[in-house]
Structure formats: structure tokens, C-alpha cells
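Q: Chain residues, written in single-letter form:
2 protein chains.
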Amino acid sequence: MSTLSTQPYKGTRDFYPMDMRVRNWIFSRLRKTLRTFGYEEYDGPMLEPFELYAAKTSEEIVNEQLYWLVDRGERKLAIRPEMTPTLARMVAAKQNELPRPIRWFSIPNLWRYERPQRGRLREHWQLNVDTFGGEPITEDLEICQVIVAIMQGFGAESGYEVRLNHRGVTDYIFRELLKLTDDKIPTIGRLLDTAPKMAPGVFAASLAKEGLEPGQIELLESLLKKDACTRLAKQLGDNPHFKHLMDLTAKLDALGVGTFFRYDPSIMRGFMYYTGMVLEVYDLHPENNRALFGGGRYDNLVGMFGGNALPGVGFGMGDVTLRYFLEINKLLPDMKTPRGIYIAHLEDEQFMPAQRLAQDMRHRFSDADVDVPVMTSLSPDKPRKIFTTAEKLGARAVVFVGPDDVKKGEFQMKDLVTGVQTQGPAPTLMVTFMTTYVNETHGV
Amino acid sequence: MSTLSTQPYKGTRDFYPMDMRVRNWIFSRLRKTLRTFGYEEYDGPMLEPFELYAAKTSEEIVNEQLYWLVDRGERKLAIRPEMTPTLARMVAAKQNELPRPIRWFSIPNLWRYERPQRGRLREHWQLNVDTFGGEPITEDLEICQVIVAIMQGFGAESGYEVRLNHRGVTDYIFRELLKLTDDKIPTIGRLLDTAPKMAPGVFAASLAKEGLEPGQIELLESLLKKDACTRLAKQLGDNPHFKHLMDLTAKLDALGVGTFFRYDPSIMRGFMYYTGMVLEVYDLHPENNRALFGGGRYDNLVGMFGGNALPGVGFGMGDVTLRYFLEINKLLPDMKTPRGIYIAHLEDEQFMPAQRLAQDMRHRFSDADVDVPVMTSLSPDKPRKIFTTAEKLGARAVVFVGPDDVKKGEFQMKDLVTGVQTQGPAPTLMVTFMTTYVNETHGV
Numbered sequence: 241m242s243t244l245s246t247q248p249y250k251g252t253r254d255f256y257p258m259d260m261r262v263r264n265w266i267f268s269r270l271r272k273t274l275r276t277f278g279y280e281e282y283d284g285p286m287l288e289p290f291e292l293y294a295a296k297t298s299e300e301i302v303n304e305q306l307y308w309l310v311d312r313g314e315r316k317l318a319i320r321p322e323m324t325p326t327l328a329r330m331v332a333a334k335q336n337e338l339p340r341p342i343r344w345f346s347i348p349n350l351w352r353y354e355r356p357q358r359g360r361l362r363e364h365w366q367l368n369v370d371t372f373g374g375e376p377i378t379e380d381l382e383i384c385q386v387i388v389a390i391m392q393g394f395g396a397e398s399g400y401e402v403r404l405n406h407r408g409v410t411d412y413i414f415r416e417l418l419k420l421t422d423d424k425i426p427t428i429g430r431l432l433d434t435a436p437k438m439a440p441g442v443f444a445a446s447l448a449k450e451g452l453e454p455g456q457i458e459l460l461e462s463l464l465k466k467d468a469c470t471r472l473a474k475q476l477g478d479n480p481h482f483k484h485l486m487d488l489t490a491k492l493d494a495l496g497v498g499t500f501f502r503y504d505p506s507i508m509r510g511f512m513y514y515t516g517m518v519l520e521v522y523d524l525h526p527e528n529n530r531a532l533f534g535g536g537r538y539d540n541l542v543g544m545f546g547g548n549a550l551p552g553v554g555f556g557m558g559d560v561t562l563r564y565f566l567e568i569n570k571l572l573p574d575m576k577t578p579r580g581i582y583i584a585h586l587e588d589e590q591f592m593p594a595q596r597l598a599q600d601m602r603h604r605f606s607d608a609d610v611d612v613p614v615m616t617s618l619s620p621d622k623p624r625k626i627f628t629t630a631e632k633l634g635a636r637a638v639v640f641v642g643p644d645d646v647k648k649g650e651f652q653m654k655d656l657v658t659g660v661q662t663q664g665p666a667p668t669l670m671v672t673f674m675t676t677y678v679n680e681t682h683g684v
Numbered sequence: 241m242s243t244l245s246t247q248p249y250k251g252t253r254d255f256y257p258m259d260m261r262v263r264n265w266i267f268s269r270l271r272k273t274l275r276t277f278g279y280e281e282y283d284g285p286m287l288e289p290f291e292l293y294a295a296k297t298s299e300e301i302v303n304e305q306l307y308w309l310v311d312r313g314e315r316k317l318a319i320r321p322e323m324t325p326t327l328a329r330m331v332a333a334k335q336n337e338l339p340r341p342i343r344w345f346s347i348p349n350l351w352r353y354e355r356p357q358r359g360r361l362r363e364h365w366q367l368n369v370d371t372f373g374g375e376p377i378t379e380d381l382e383i384c385q386v387i388v389a390i391m392q393g394f395g396a397e398s399g400y401e402v403r404l405n406h407r408g409v410t411d412y413i414f415r416e417l418l419k420l421t422d423d424k425i426p427t428i429g430r431l432l433d434t435a436p437k438m439a440p441g442v443f444a445a446s447l448a449k450e451g452l453e454p455g456q457i458e459l460l461e462s463l464l465k466k467d468a469c470t471r472l473a474k475q476l477g478d479n480p481h482f483k484h485l486m487d488l489t490a491k492l493d494a495l496g497v498g499t500f501f502r503y504d505p506s507i508m509r510g511f512m513y514y515t516g517m518v519l520e521v522y523d524l525h526p527e528n529n530r531a532l533f534g535g536g537r538y539d540n541l542v543g544m545f546g547g548n549a550l551p552g553v554g555f556g557m558g559d560v561t562l563r564y565f566l567e568i569n570k571l572l573p574d575m576k577t578p579r580g581i582y583i584a585h586l587e588d589e590q591f592m593p594a595q596r597l598a599q600d601m602r603h604r605f606s607d608a609d610v611d612v613p614v615m616t617s618l619s620p621d622k623p624r625k626i627f628t629t630a631e632k633l634g635a636r637a638v639v640f641v642g643p644d645d646v647k648k649g650e651f652q653m654k655d656l657v658t659g660v661q662t663q664g665p666a667p668t669l670m671v672t673f674m675t676t677y678v679n680e681t682h683g684v
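So the sequences go chain by chain: A and B.
Note that our numbering numbers the first sequence so that position 273 is 513, with each residue one more than the last.
Note that our numbering numbers the second sequence so that position 125 is 365, with each residue one more than the last.
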């Protein structure tokens, strides 16, 4: 028989226990923050009808990146490349029953056929947060607050910036200030979107190549500058969408989180769903200066299902870029912190007493706020070997079960971090262990 | 534009918030129990190379039930129909680094093209628990303890039964007692496997049709009877595999959990991986008398990757049958229990004060053990409308923010369950709320 490869499919990840601890820690922080704002978790199937994506998802994704198949009943299905179509379908199905405002989140795994590179994988998890059924200013404000709360939930009090724009302002600049024609807008929009990554001069040259006049080019270049807001304020002062953005940032200031936000008229977020506010969150770390995630407001997510228009706002946050952010900013806890107790027997005769002790300890720990792993040894060992195994297994403490201990009903426990030894029956060991343990593991 | 369907793909589920609460509650219970035994969570990609399943998975699954596709790089991939091949691949990749014993679990979603029916869906989640690298008796004992602990973690102190068998005992019965030839064994095994579902007499008739003698038929029928163990004890007394089962059940008795286990020589669990102990857990509820889940011991899971033999034992537990078990035994908590606080403003002028109050409350709740949703209203409302919205949103309490409250810095809070009203600044409201709330929600 030929030997199979042990490697996962290109662009995907195996989550060994240490990676899974990180993933679970990140997801549990996200869930905790979102719950405090009243967001409810949802999920849908991994496979959806192909047409769901053909209708609204970008052509690039559908034509080049979608994983799709035909089932044994001749239905064409796709593995979800994004969550929004599933969200729209689910909301549309119960549009009249769901209480407003709808505050929902999900952390699905998504698939896209991409050339794997740093920050881009074929399978990734993406937090999706959306709210519907309120008013634009209050919903936009809430979504901005949620973003800051999520970052604070990870301990990030700086190191990132949320760049805000509004599709209506962009439209006004393109049509009224630049006098661009409909056919030019998508091209110029895409150039503006990628401009920050271009070498100096390339943006202007590209615009000239598209036939733009020097005045138009100058205005477009000014959008990329830090003081764009002040420059534009005169020309945009009466635009209601610009006023919306100014109102939004003023309210964020009043809530004490304004420093995380900045108006940036170059933010585009593609040309698909969005119709109002758009946002993009940037990592400001010099080694990782890139977009972390983004989102925006849409007028009518559920329209393709034939229901009433339902405006909303949301964002999506990928796990790969988020993990880089947390790593580079040293915000991940040490997942290798020893945890739990290793209960080992010295001779075959103590196997069952050790099992009973473990059962007793698990029972005593079951009401604790922190889960305490109680691992038993599966074969008798000498003390030296027991220490080695306990360390390899990442135990915090080791309990020895020898013939005398069983007789007395008292056991030796050694804390492998502090070196402290304790002797006593199960309740004594438990109290000693919990006292030092709980404050150190942070429930990881 | 034609209207798309809002229904999920056949045989799959949408998890609206209430269903997601159930799923999260079930998964968190599973995780808690498994962590107390020192099991570590892992996960792998949704797609694996097709050959991974072609090698070991049953022909029925590969030929009739697998969802597969060819990617844009001409690689043939399958959506995982079971987790064991991924587990084997991952363990094989790091066989020499992983500390023993390996105790791992995962809760993947799996896909099979099945005719949807009660308890069988095309997408389901399945808890997978496995341990490797120890000794058969101690590992088997631990897996049996884990099963009981999981059921106890859900509050199930009865209502199910774990039926144990051993592939070596079955082999001895087939070859030595029944003198079956190699070519007959798979057929007779499959008949025995499905015998409990057959109408009276059908099993015997089927065996006769296969050419079995009356003596052989009588012995096979006796395997299905409750007293099979006593009947067989004489004939099997010296068989080491039978001794293993008797030793195992004696140890389970000594740990006080023996009542949940029963030797049942008719348990087969298919003919694939298993080589030692096999087990099947049955729901004993009269309305749901069926197999809940099962597992067993395998000699060499990683062999197809060319590593050293690595014996282990494990089981898989599907979420659909588990949920039925919990529902029918009334073990699910009420997910509709009101939770959290709804903070509503009466006039536009109190929108920002309400937002600030919410921010303050969330901050104060952030150290609590229980996540408290603090939901704000997104537009001003009259008190009557505020009550209705709070109830629809499932809030436990509502706080009104009117002009006088803002002036005084004191707010009215009403507990929607007890009717108790409290007035005061944020800290007072928080203490009052937590006192009644924490003990009632159980962290759901």
C-alpha cells in the first residue's frame, strides 16, 4: 500500500492542541465581548446553493475562488466563501418574526481558492457581526463601539486605527467634485483603493493614463493625505453623508473612544454590498502595517429573497490577520502555562486507588469556575519517570499514589512550578491546588 | 431578478440564536467534561485529499455518501465524512513529538449524502474522543469513565446503557464455536449487527438461508439474549479477550459506574477500524430506544502513513441523536430564560446619556463570571413600547433614561420577571441585577 501524505491540504491548517488553545481563547474573547452588547450567535450550513453566491458575491470570488460541486441529486452547491449570503437568507426567512434591532454574530470557516500567502489561506475563520432594523447613526455608532470593545477585550489599548468613509461621500466626490462619468467610476475607485500600496507617482500616472486632468488627479491625491478631512470640509460641508460621518466621530469622541477613529476618504471596501458608512481597521505596528478587517453599511441585504428592504451594518474579521495582530502586539497569553494535575501510581496494585482518587478530585473540581484537568497515568512508573511524563503532559502538579499512601488515605502532591509539596487527603490537595492555580491560568 | 429560496440545503440546519444557544450549551458541557480528564481539543481542515478516505473509510461512504470535488489545481478533495482519518494523519505527522498518552477530542462538522430522516442529516457535528499510547485495559477503562462523565455532565443519571463487546470474542465465537469460514464471517456479522431490528424469526430464517446448521443458529440467537454473558461464560472462560471484558466491567463496578455497562455479544460496530473492545451507547427511553453513539479500540490507526503501530481507543457522538436524548429526557435548560438589560431612552436628547450608561454598565460587568448582555435602544420610544421591545429581545430588566434621570444621574430599573423596581446610579443597578440574575441563568 502506498504511503499517504501527513500534510494538510495546501492553504489549510491543522490545529494541534496548542493552536486550538489559541483559537478557542480568541473565539471565547470575541463571544464574551459580543454578548455584552446583546449580540446573539448564529450559524448556517457549510454548503449553500451555488446561486446564492452567483447573485451577490463579487465575480472574482465566484469565477476564480469558489469551491463548488454537484451533489448526487444534481444540485450545484458551493462551500461558503463568505457568510453574508447565508445571513441574508436566514434573516429573509424569518424577517417578520425576528425582534428588532437584530444583533447577530457568527464565526464560520470560509473557503476561497487563493494562492496561499501570509494572511491569506484557503480555509479561514471569520467573525461576522451585523445589526439590522435600527437607524443608521445609532447602528453605525454601535458597530464602531463593538470594534473598540473587541480590541479592548484582547487588551489592545492602542496599535490600531479604524478608518471611516461613506459611500455617499465617495459618490459625491466622484460625481460632483471630479465630474467622473459612470463608466469611469469603477476603475478610478479601484485605483484609489490600491493607491496606498503603490510606489510614489504610480497613482498619479495611472490616473493620467485613464485620461484624468491635473486638477482631478490633484484632488484624488489629496484624499490620501492625513489632513484630507480638513481640506475637504469646505467642499463637503453640506453633504448629508459627510455630516453623518462628522456626527458619528463626534459621538465616538463623546464616548471617549474617538482616538481610534479617523475619516479617510480613500477607503473603498470594494463595490459590492456597501451603500453607506464603510470602515477598515489597520494595524499600526511598523512590522505589520496592513488592513486587519473591515465592513460597512448596506441598504438591502435581503432584497434578492423578495422581502422588504432591511438596511444594516456589519463587519468581518478574519482569524489569521487577527492572530498576527495579537502575536505582534504580544497580546496572546502563554498557552503552555502548566495546568491540571497528573495522578500517577507506582505499582500495578495502586492503579485502582489512583483511579478512585482521580474520580474523587474531578468530582470536587466540577463546581469550580476553572476546568482542572485531572490526568491519570496509564501504567505504573518510577518517580523520576513520573516527573518527566507530568512535565511533558504540561501538568502543574503531580500526585503520587504508592502503597503507603493508599493505606493512609493521604497522598503527596508536588507543585511543579513552585516546588511546594503538600501531603493530605483529596480535599486538602484540592484546596492547596486551587489557591495557587486559579489566579494563574486565567481560564485559558 | 428571480427570487432565491430562503431554505437551507436539504438535510442541513440553520442555527438561529435559540438553536445556537442549545448547540453552544451542549458543546461547552462536552468540553468541560473532557478537559477534566485532561483531553485536549484539536481540529483539521474541512477538506482532505480524497485518497485519505478511499484508504480506510467504508465503501458505502466513499461510493455513495462522500461529497467530493476537484479543485482548480486538479486535486481531488473530499469534505470530511468522519474525523478519524484526519486524526490519524495529524497524529502520524507528529508521532514522535507528541507526549503519551495522547488524549484528544474534537467536535467537527461532518458531511454525508444521506436521505434525510430523524437522527440522520447531511451535515452534523460529531464529538470525537480518542486516547493512544497507553495500555488497553487502562485506556478502555478511561474511555468508559469519560462516557459516563459526559452523560453525568448533562445531568443524565440513568436512561442509557453502554453495551460492550470485544472483536476478539466475536472472532472466537465465529471461528472456534461456530466454525464459520472466512468468506461467511462478514455476512453473518452484518446479519447479527442488524438482528435486533428484525421481526421475530427473520434472523433465524436469514441464517438458515446462508446455510447455517440449527446448532449454529441457536448459538447466534442466544447472543441476543439478556443472559448471553452467563450462557457464554463457560464456553469463553479462558478466552483472553473475554477475560479483558470481565476485568473491565469489574473495574467499572469498583468505580461505582458498573450499572451503566452490559456485555452484549451482538454488538458489532461495522467491520472497519476496530480490533478490540467495541461499545455502543443506547437510549433506554421507550420513545427513543436506539443507539446514541459508539466506538471501540483499533490496533493501528496511523499505519497507512507508514509510521509505527499506535493502538488506541475512541468514540464518536453525533449532535443530532444527543440532542434528541437530552430533549426526550428533559435535560436541556430553558434557553428562553430572559437575560441581560435593555437600556432605553425616551427622547433623542437622552440617546448619548443612555449610550454612556450602557458603556459604564458593560465595563462594570466585564469582570463578572457571567456575560451580561447590555442592549441599547436604537431610537427613542414611549415606555409602553420600551417594555414590549425589552420582552421581545428577551431582556431580564429594563432601564429607562429620561430627562430627569439624566439630570439626577439615577435611573429606574425594572426586573421584568419579578416586577421589582430599583432606582439609583449604575453601581446600585448593577448590584441589584447581579444578585437575582447570576443564580438563575447558570451561565447559559
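Among these hints, one or two may not hold up.
Heads up, the list lumps identical chains together, so a pair's fine if it works in one copy or across two of them.
[To be verified] Taking lysine-lysine and the DSBU-like style, the derived pairs with C-alpha atoms no more than 30 Å apart in a straight line are:
#1 272 <-> 576
#2 632 <-> 570
#3 570 <-> 272
#4 483 <-> 647
#5 250 <-> 316
#6 654 <-> 250
#7 625 <-> 272
#8 466 <-> 437
#9 491 <-> 466
#10 437 <-> 647
#11 437 <-> 316
In case anyone wonders, no lab produced these hints; they're calculated from the structure.
Q: Now, for every hint given, state plainly whether the structure supports it.
A: Results of checking the hints against the structure:
Proximity of residue 272 to residue 576 under the C-alpha cut-off of 30 Å is found in both arrangements, the shortest distances being 23 Å within a copy and 19 Å between copies. With identical chains, the CA atoms of residue 632 and residue 570 are at most 30 Å apart within one copy only, with a shortest distance of 25 Å there and 41 Å across copies. Within a single copy, residue 570 and residue 272 get their C-alpha atoms as close as 20 Å, and across copies as close as 28 Å, so both meet the 30 Å cut-off. Taking the shortest alpha-carbon separations for residue 483 and residue 647, only the inter-copy value of 28 Å comes in at or below 30 Å, while the best intra-copy value is 80 Å.
Taking the shortest Cα distances, residue 250 and residue 316 sit within 30 Å of each other both inside one copy (24 Å) and across copies (12 Å). In this assembly of identical chains, the alpha carbons of residue 654 and residue 250 never lie at most 30 Å apart, being 44 Å within a copy and 55 Å across copies at closest. Taking the shortest alpha-carbon separations for residue 625 and residue 272, only the inter-copy value of 29 Å comes in at or below 30 Å, while the best intra-copy value is 41 Å. Only within a single protomer do residue 466 and residue 437 lie at most 30 Å apart by alpha-carbon distance; the minimum there is 15 Å, versus 74 Å between protomers.
Taking identical chains as interchangeable, the C-alpha atoms of residue 491 and residue 466 lie at most 30 Å apart only when both belong to the same chain, with a minimum of 21 Å there against 73 Å between chains. Proximity of residue 437 to residue 647 under the C-alpha cut-off of 30 Å is found in neither arrangement, the shortest distances being 73 Å within a copy and 50 Å between copies. In this homomeric assembly, residue 437 and residue 316 never come within 30 Å of each other (Cα to Cα): the closest approach is 38 Å inside a single copy and 36 Å across copies.
In this structure, the earlier hints numbered 6, 10, 11 are contradicted, and the remaining ones agree with it.
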